[in-house]
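Here are the chains, one letter per residue:
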Amino acid sequence: MLRIEYAYWLIAAFLLYTAWRNAREREMSRAAFWAVLGLLFAGGDAVLAAQKAGNTLPAQLAGSAVIVLALLAPRLRRRAHPETASASDRLASALRLGHKLFVPALLIPLVTLLVALFGAHLVLGGHALFAKPQMTLTGLALACVVALTAAARVARAPLHQGLSEGRRLLDAIGWAALLPLLLAALGEVFTQSGVGAAIASLAETILPEGNAFMCLLVFSLGMVLFTVIMGNAFAAFPVMMAGIGLPLLVQRYGANPAVLGSMGMLCGYCGTLLTPMAADYNLVPAALLELRNPYGVIRAQAWSAFAIFVATFITMWLLVFR
Amino acid sequence: MNYWPLLGVAVIVIGFVLRFNAVLVVVGAALLSGLLAGLHLGDLLALLGKSFVSARMLLLFVLTLPAIGLLEHAGLREHAQQWMGRLRGMTLARLLIGYLLVRELLAMVGLTGVAGHPQTVRPLLAPMGEAAAEKILPELTEHDREEVRAVAAATDNIGRFFGEDVFIALGAVLLIQGFYAQHGIDLTPLSIALWALPTAIAAFVIQSVRIWLFQRRLQRRAQSSQPVREA
Numbered sequence: 001m002l003r004i005e006y007a008y009w010l011i012a013a014f015l016l017y018t019a020w021r022n023a024r025e026r027e028m029s030r031a032a033f034w035a036v037l038g039l040l041f042a043g044g045d046a047v048l049a050a051q052k053a054g055n056t057l058p059a060q061l062a063g064s065a066v067i068v069l070a071l072l073a074p075r076l077r078r079r080a081h082p083e084t085a086s087a088s089d090r091l092a093s094a095l096r097l098g099h100k101l102f103v104p105a106l107l108i109p110l111v112t113l114l115v116a117l118f119g120a121h122l123v124l125g126g127h128a129l130f131a132k133p134q135m136t137l138t139g140l141a142l143a144c145v146v147a148l149t150a151a152a153r154v155a156r157a158p159l160h161q162g163l164s165e166g167r168r169l170l171d172a173i174g175w176a177a178l179l180p181l182l183l184a185a186l187g188e189v190f191t192q193s194g195v196g197a198a199i200a201s202l203a204e205t206i207l208p209e210g211n212a213f214m215c216l217l218v219f220s221l222g223m224v225l226f227t228v229i230m231g232n233a234f235a236a237f238p239v240m241m242a243g244i245g246l247p248l249l250v251q252r253y254g255a256n257p258a259v260l261g262s263m264g265m266l267c268g269y270c271g272t273l274l275t276p277m278a279a280d281y282n283l284v285p286a287a288l289l290e291l292r293n294p295y296g297v298i299r300a301q302a303w304s305a306f307a308i309f310v311a312t313f314i315t316m317w318l319l320v321f322r
Numbered sequence: 001m002n003y004w005p006l007l008g009v010a011v012i013v014i015g016f017v018l019r020f021n022a023v024l025v026v027v028g029a030a031l032l033s034g035l036l037a038g039l040h041l042g043d044l045l046a047l048l049g050k051s052f053v054s055a056r057m058l059l060l061f062v063l064t065l066p067a068i069g070l071l072e073h074a075g076l077r078e079h080a081q082q083w084m085g086r087l088r089g090m091t092l093a094r095l096l097i098g099y100l101l102v103r104e105l106l107a108m109v110g111l112t113g114v115a116g117h118p119q120t121v122r123p124l125l126a127p128m129g130e131a132a133a134e135k136i137l138p139e140l141t142e143h144d145r146e147e148v149r150a151v152a153a154a155t156d157n158i159g160r161f162f163g164e165d166v167f168i169a170l171g172a173v174l175l176i177q178g179f180y181a182q183h184g185i186d187l188t189p190l191s192i193a194l195w196a197l198p199t200a201i202a203a204f205v206i207q208s209v210r211i212w213l214f215q216r217r218l219q220r221r222a223q224s225s226q227p228v229r230e231a
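Top line first, the protein sequences correspond to chains A and B. All the letters of the first sequence, read from the start, carry residue numbers 1 to 322 under the numbering used here. All the letters of the second sequence, read from the start, carry residue numbers 1 to 231 under the numbering used here.
Rather than coming from a laboratory, the hints here were simulated on the basis of the structure. Glycine included, every Cβ here is placed at the ideal spot set by N, Cα and C. Heads up, a few of these hints could be off.
Unchecked claim - Distance ranges between label pairs, derived from CB positions:
#1 B:H183 x A:A46: 15 to 25 Å
#2 A:R75 x B:L41: 52 to 62 Å
#3 A:A92 x B:P138: 51 to 61 Å
#4 A:L217 x B:L197: 17 to 27 Å
#5 B:Q219 x A:V68: 43 to 53 Å
#6 A:Q251 x B:R221: 46 to 56 Å
#7 A:R153 x B:G85: 25 to 35 Å
#8 A:V68 x B:S225: 49 to 59 Å
#9 B:M1 x A:R24: 49 to 59 Å
#10 A:L122 x B:R221: 21 to 31 Å
#11 A:H99 x B:P138: 16 to 26 Å
#12 A:A53 x B:R94: 48 to 58 Å
#13 B:E142 x A:K132: 42 to 52 Å
Use the sequences and the hints to build the structure in full.
So, in structure tokens, the structure goes:
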């Protein structure tokens with residue numbers, strides 16, 4: 001049975017390979033960074049299992065490893081490795097291989113799609129082939145392996161060349177790859193430290209009184225602002241709903257809860273487009289696309305976010321009090 | 001109410017504005033907030049470690065890198081550009097708006113994982129977009145190329161975000177339903193998802209218009225740099 005844990009082990013192996021290649025090139029900070037991260041991925045399940053059984057020591061070690069990563073990160077300058085093939089070589093290869101090059105690239109979405117749609121029905125020897133939790137992501141991991149094999153066949157290159165090219169891209173992305181995980185952890189720590197509750201209680205002190213329109217505006221802007229701070233509309237939603245949405249808009253002014261919930265959440269999504277805290281959508285792509293400005297993606301979508309917010313707010317105002 | 005943990009938020013804002021190393025800023029903010037909330041250091045470390053490894057799925061995209069890297073080595077981006085150049089009638093706006101439509105429709109039926117920045121934007125959409133922009137303005141600067149890539153990434157984000165909320169079995173709708181259920185208001189997921197449709201349509205129209213304006217800006221520059229030769 002294929003489980004998501006296997007994907008984590010694959011990632012760990014790839015990270016350790018990247019560390020080893022860097023160590024051979026005497027890039028010691030870089031090597032240490034990827035090695036520590038690789039160990040965190042390899043040992044992650046053991047950490048969670050021990051935590052469940054009441055032993056927090058492995059989790060504390062993992063937390064210390066995260067701090068080590070943070071101390072190593074500033075020593076990693078973003079450095080683009082030179083391309084391994086010259087532009088003319090790549091062009092010649094492109095002309096020779098043609099549309100065949102698209103096949104492995106399209107296999108990634110295609111295999112993921114097939115697993116997402118039909119994975120639940122695949123049975124091998126009486127056992128389900130894919131474990132239920134995170135089936136789409138397990139499918140994505142499988143798709144990557146399939147695509148790598150196909151790419152090696154199409155390009156008539158050995159598999160380890162793929163690892164070597166992948167490592168080149170990973171080094172180019174550098175520490176930005178880590179941000180989504182760290183921000184998820186930060187969200188947990190914020191919740192446990194009562195940051196959300198403190199903001200909610202601050203928001204209550206500036207509650208708008210008496211005017212349904214102003215109240216709706218504060219609610220919507222609050223969703224945007226809180227999402228910008230936390231990087232995630234899901235974190236903002238319960239806070240704004242408990243503070244303003246439910247007691248004032250729904251219970252006092254009679255707002256339609258379905259409209260308020262749905263469109264309030266979408267206001268938060270506009271905030272997601274604006275914040276570096278949503279690193280996996282905004283900062284990682286900027287690194288992946290080799291933009292010089294790390295905020296380039298945010299800049300490209302800021303006006304869209306603003307216009308979508310205005311459109312959503314007006315629609316909500318027209319519909320919510322009917 | 002203990003307001004001191006809010007200093008963690010301040011660290012984030014200041015750190016990002018001054019562009020300190022983001023990894024260091026985030027970890028520093030987490031430690032500061034936790035300690036100011038009175039968490040024991042051991043508990044804080046355990047919390048940090050546990051939440052970090054619980055979020056491992058967010059690094060899954062690195063598994064796409066070997067296949068994408070190998071294909072790029074074999075000329076994938078060059079081929080995408082060449083092909084784009086040969087496709088008559090395929091303009092920058094049509095390419096990006098078409099992608100936006102497909103991405104949003106896929107997200108609406110819950111298939112958010114099939115496309116994305118590493119899988120589709122970097123190897124396919126971005127180089128094809130650059131080639132399409134080159135058809136309009138042959139002397140494209142490096143700055144223009146970066147802008148095309150950034151717009152491609154923004155298009156992917158917008159299609160995904162505003163399609164996803166229409167799907168009934170995904171996080172957002174279930175979170176909204178769960179919140180109301182806890183407070184004694186029972187709603188069906190469908191009644192919530194339906195109200196995401198107006199914004200889904202608005203987002204598509206708005207981003208399409210912005211893509212079209214971006215293309216027109218390139219066309220204007222092409223016209224002003226090339227005086228009319230015919231006649």
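These are the hints, each one checked on the structure:
1. B:H183 x A:A46: 15 to 25 Å: violated, 39 Å
2. A:R75 x B:L41: 52 to 62 Å: violated, 25 Å
3. A:A92 x B:P138: 51 to 61 Å: violated, 22 Å
4. A:L217 x B:L197: 17 to 27 Å: holds, 23 Å
5. B:Q219 x A:V68: 43 to 53 Å: holds, 52 Å
6. A:Q251 x B:R221: 46 to 56 Å: Between Q251 (chain A) and R221 (chain B), where Cβ atoms are some 55 Å apart, the hint holds.
7. A:R153 x B:G85: 25 to 35 Å: The hinted range 25 to 35 Å holds for R153 (chain A) and G85 (chain B), with Cβ atoms some 27 Å apart.
8. A:V68 x B:S225: 49 to 59 Å: Taking Cβ atoms as reference, V68 (chain A) and S225 (chain B) lie about 53 Å apart, which means the hint holds.
9. B:M1 x A:R24: 49 to 59 Å: For M1 (chain B) and R24 (chain A) the Cβ distance comes to about 54 Å; the hint holds.
10. A:L122 x B:R221: 21 to 31 Å: Given range 21 to 31 Å: violated, Cβ gap about 53 Å.
11. A:H99 x B:P138: 16 to 26 Å: holds, 25 Å
12. A:A53 x B:R94: 48 to 58 Å: Holds - the Cβ-Cβ distance for A53 (chain A) and R94 (chain B), about 57 Å, lies within 48 to 58 Å.
13. B:E142 x A:K132: 42 to 52 Å: Given range 42 to 52 Å: holds, Cβ gap about 47 Å.
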